[in-house]
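Enquirer: Here is what each chain is made of, one letter per residue.
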Amino acid sequence: MDFLTSPDFWFLTGTSLAKTLFLIFLVVLPMVSYTVYAERRVSALIQDRLGPNRTGFPLSLIPGVKNDWSPILGGLGQPVADAVKFLLKEDFVPAHVNKFYFWIAPALSMMPALVTLAAIPFGSTFLGVPMVVANINVGLLFMFAISSVSVYGIVIAGWSSNSKYPFLGGIRSSSQMISYELGMGLSAVPVLLIAGSTSLPQIVEFQIHNGWMLFPFTNPHFHFSQIVLWIPMCIAFVTFTISMFAETNRLPFDLPESETELVAGYHTEYSSMKFALFFLGEYTAMIAGSALIVVLFLGGYHFPGIPNGNGEGGFIPYPHFADGTFWHAVVNAVWGVINITVFFAKVAVLLFVFIWIRWTLPRFRFDQLMKLGWLYLFEIALVNIFLTAGILAFTH
Amino acid sequence: MATYVVPRPNLTWKEKMYLPAIVAGMMITIKHLKRMLMGQTKVVMQYPEEKWDSRMPEHYRGAPTLVTDDHGRERCVACQLCEFICPPRAITITPEEIPAESKFAKVEKRPKEFEIDMIRCIYCGLCEEVCPEQAIFLRKDYAITGTTRAEMKHDKAKLYELGGVMDGLVHKWNPKK
Numbered sequence: 001m002d003f004l005t006s007p008d009f010w011f012l013t014g015t016s017l018a019k020t021l022f023l024i025f026l027v028v029l030p031m032v033s034y035t036v037y038a039e040r041r042v043s044a045l046i047q048d049r050l051g052p053n054r055t056g057f058p059l060s061l062i063p064g065v066k067n068d069w070s071p072i073l074g075g076l077g078q079p080v081a082d083a084v085k086f087l088l089k090e091d092f093v094p095a096h097v098n099k100f101y102f103w104i105a106p107a108l109s110m111m112p113a114l115v116t117l118a119a120i121p122f123g124s125t126f127l128g129v130p131m132v133v134a135n136i137n138v139g140l141l142f143m144f145a146i147s148s149v150s151v152y153g154i155v156i157a158g159w160s161s162n163s164k165y166p167f168l169g170g171i172r173s174s175s176q177m178i179s180y181e182l183g184m185g186l187s188a189v190p191v192l193l194i195a196g197s198t199s200l201p202q203i204v205e206f207q208i209h210n211g212w213m214l215f216p217f218t219n220p221h222f223h224f225s226q227i228v229l230w231i232p233m234c235i236a237f238v239t240f241t242i243s244m245f246a247e248t249n250r251l252p253f254d255l256p257e258s259e260t261e262l263v264a265g266y267h268t269e270y271s272s273m274k275f276a277l278f279f280l281g282e283y284t285a286m287i288a289g290s291a292l293i294v295v296l297f298l299g300g301y302h303f304p305g306i307p308n309g310n311g312e313g314g315f316i317p318y319p320h321f322a323d324g325t326f327w328h329a330v331v332n333a334v335w336g337v338i339n340i341t342v343f344f345a346k347v348a349v350l351l352f353v354f355i356w357i358r359w360t361l362p363r364f365r366f367d368q369l370m371k372l373g374w375l376y377l378f379e380i381a382l383v384n385i386f387l388t389a390g391i392l393a394f395t396h
Numbered sequence: 001m002a003t004y005v006v007p008r009p010n011l012t013w014k015e016k017m018y019l020p021a022i023v024a025g026m027m028i029t030i031k032h033l034k035r036m037l038m039g040q041t042k043v044v045m046q047y048p049e050e051k052w053d054s055r056m057p058e059h060y061r062g063a064p065t066l067v068t069d070d071h072g073r074e075r076c077v078a079c080q081l082c083e084f085i086c087p088p089r090a091i092t093i094t095p096e097e098i099p100a101e102s103k104f105a106k107v108e109k110r111p112k113e114f115e116i117d118m119i120r121c122i123y124c125g126l127c128e129e130v131c132p133e134q135a136i137f138l139r140k141d142y143a144i145t146g147t148t149r150a151e152m153k154h155d156k157a158k159l160y161e162l163g164g165v166m167d168g169l170v171h172k173w174n175p176k177k
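Sequence lines, in order, name chains A and B. Count the first sequence with the working numbering and you get residues 1 to 396, in order. Count the second sequence with the working numbering and you get residues 1 to 177, in order.
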C-alpha cells in the first residue's frame with residue numbers, strides 16, 4: 001500500500017514498465033531465439049557438421065547480388081525465419097484433447113519463466129534507476145515458487161493431450177520435479193547463510209564487497225580465510241547447477257520430452273505457435289536459471305574493476321566529472337549499460353555450458369534421476385548447509 | 001565346459017562420482033567444436049556453391065544425349081534400337097529419309113524427332129550400350145530440372161545441344177571408309 005500512496009507512484013510504475021518491456025522484448029526474447037540458433041549451431045559443430053548457415057540477412061535474395069550464403073553472417077536470419085514459420089503453420093487441435101487445458105498449458109509453461117525474470121537484478125543502476133523489475137526482499141523464494149509452477153504447464157499438457165506419450169511425459173515431469181526441487185532449494189541455502197539475505201540485489205551487493213561466491217579472489221581485499229568458505233560454495237554450485245538442469249528439463253534430465261523414447265514427450269500433440277510457446281518457455285527458463293546461477297554464485301552484474309552505475313567500486317581509470325553535471329550522468333549511464341552487458345555475457349556463457357552439456361551427455365534413466373535427486377543431491381546439499389553453518393560459526 | 005563368472009568391475013570412488021567422466025566427455029565434445037572452428041575437420045560439400053563437376057569420374061552416367069561427328073553429321077540413323085531396349089520406354093523416335101541432295105544421302109535414314117522423357121529416364125545407359133552408331137552417350141549432366149512435364153521432355157535440338165560433337169571412327173556416309 002505504501003507503493004500506491006507514494007508520491008513516486010507514476011515514476012515507479014513508468015520505470016517498472018520500461019524495465020519490463022526492455023528486459024522481455026529487447027533482451028530475453030531475442031536471446032531466446034538466438035539461443036535456439038546457438039543450440040543448433042553448437043550441436044552441429046560438436047558433431048562435425050555445419051548447422052543452419054544459409055538464412056542470412058536480408059532473408060531473401062536481392063536481384064543481381066549473390067548473397068544467399070555467407071560463411072559468417074549465414075544462419076543469423078534463421079531465428080526470424082523460424083518465428084515466421086511457427087506463426088504461419090496450421091494450429092492443429094486434435095479432436096480427442098481436453099480443449100481448455102490444452103489451450104492453457106503452453107501459456108502455463110511460458111509465463112512462469114518470464115515472471116521469474118522480474119526478481120533478477122540484471123544490472124546495477126541506469127540513470128539512478130535500479131535495474132531490477134521487482135526489488136522484493138524474498139527474491140530467491142519468489143524465483144523458486146514461480147519457477148516450480150512451470151511444471152504444471154508440462155503436466156497439464158501431458159494430461160490434456162489425452163494420448164499415451166504426452167501422458168508419460170507429464171508423469172515423468174511431475175516425479176522429476178519432486179526429486180530435484182528439494183536438492184535445489186537446499187543447495188541455495190548456504191549462499192543465503194553467507195549473504196544473510198534472500199533479496200537477490202542484496203546477495204549481489206554482498207558478492208561485490210566480499211568476492212563472488214564461486215570466485216572469492218575477485219574481492220580486492222581477498223584474505224586467505226575465505227578459501228574455507230569457498231569449498232562449500234563449490235559443492236553448492238555443482239549441486240545447484242545439476243538441479244537447475246533438471247528444473248529446466250535439459251539433457252541429461254529431459255525426461256518429460258525424451259524425444260528418442262516418447263516421440264516428443266508432453267508436446268507431441270502440439271503444433272504451430274502452441275508448440276513454439278513450449279519451446280520459448282524452455283529456453284526462457286534456461287535464461288532465468290542461468291541468471292539465477294549468475295546472481296547466486298558468479299557475482300551478478302559485477303566484474304572486477306568495472307564500477308557500478310553510480311561510478312563506485314571500480315579501479316579502471318576513467319574521467320571523473322563533478323556530481324550532478326551532464327557528463328557525470330553520461331559516464332554513469334555508460335557504466336550502467338556495461339553492467340547489464342556483463343550480466344548477460346555471464347548468462348550467455350552459462351547458456352553455452354547448458355548447450356555443451358546437452359550435446360555431450362546421454363539421458364539419465366528415470367530411476368537414476370530419482371536416485372540422484374533423493375539419495376545424493378538432497379543429502380549433499382543438507383550436509384553442505386551444516387558445513388557452511390559450522391564454518392560461519394567458527395570464523396565469525 | 002566349466003562356467004566362468006565374469007567379475008564385475010569395482011568402480012573407484014572417482015568413477016562412482018561420475019563428475020570426472022562428465023568433464024572428460026565435455027572435453028571431447030569441445031575438442032570437436034574447436035577443430036570445427038579452426039577448420040581442421042572435413043565437412044560435406046556445400047552443394048550449390050561447390051559441385052562435383054571437376055571431380056566427376058569419366059564413366060559417370062548422367063543425362064543421355066545425342067552427338068554429331070566431326071563433320072557435323074548427326075550420327076543417329078534412327079534404327080530405333082535404343083527406343084526398343086529402353087526399360088522405362090523414355091525414348092520416342094520418329095524416323096525420316098535423308099533427301100537425295102544431301103551430302104549424307106548414303107546414310108539414308110535419320111531421326112525427324114528424337115525425344116527422351118527425362119521424367120522416365122532411369123540413367124541405366126542401355127541406350128548407349130546398344131547403339132550401333134555410337135550416337136547416344138550418357139554425359140555428365142545430372143541436375144536435370146524443369147517446372148513442367150513438357151520441359152522435362154528433351155527434344156532433338158536439346159539433345160544435340162547437350163551432347164555436342166564427338167570424334168569417332170564411324171564415318172558411314174563416306175564411301176572411302
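One should not assume that every hint holds.
[Claimed, not checked] Which stretches of chain B does chain A cover? Using the computed rule of at least three CB atoms under 8 Å from a CB of chain A, they are:
1. 21 to 33
2. 37 to 44
[As the list claims (entries may be wrong)] Far from chain A, by Cβ distances over 12 Å, these chain B residues were calculated:
3. 12
4. 17
5. 70
6. 94
7. 106
8. 113
9. 130
10. 134
11. 151
12. 164
13. 165
14. 167
[As the list claims (entries may be wrong)] Partial pick of chain A residues on the chain B-facing surface, computed with a CB cut under 8 Å:
15. 39
16. 45
17. 49
18. 50
19. 86
20. 87
21. 334
22. 338
23. 356
24. 360
25. 361
Calculated from the structure, these hints are not laboratory results. Glycine included, each C-beta is placed from N, C-alpha and C at the ideal position.
Enquirer: Hint by hint, note whether the structure agrees.
Expert: Here is how each hint holds up against the structure:
no., hint, verdict
1, 21 to 33, "holds (count 8)"
2, 37 to 44, "holds (count 4)"
3, 12, "holds, 17 Å"
4, 17, "violated, 10 Å"
5, 70, "holds, 38 Å"
6, 94, "holds, 42 Å"
7, 106, "holds, 51 Å"
8, 113, "holds, 38 Å"
9, 130, "holds, 43 Å"
10, 134, "holds, 40 Å"
11, 151, "holds, 22 Å"
12, 164, "holds, 28 Å"
13, 165, "holds, 32 Å"
14, 167, "holds, 37 Å"
15, 39, "violated, 13 Å"
16, 45, "holds, 4 Å"
17, 49, "holds, 7 Å"
18, 50, "holds, 6 Å"
19, 86, "violated, 26 Å"
20, 87, "violated, 28 Å"
21, 334, "violated, 32 Å"
22, 338, "violated, 27 Å"
23, 356, "holds, 6 Å"
24, 360, "holds, 5 Å"
25, 361, "holds, 6 Å"
Violated hints for the displayed structure, listed by number in ascending order: 4, 15, 19, 20, 21, 22.
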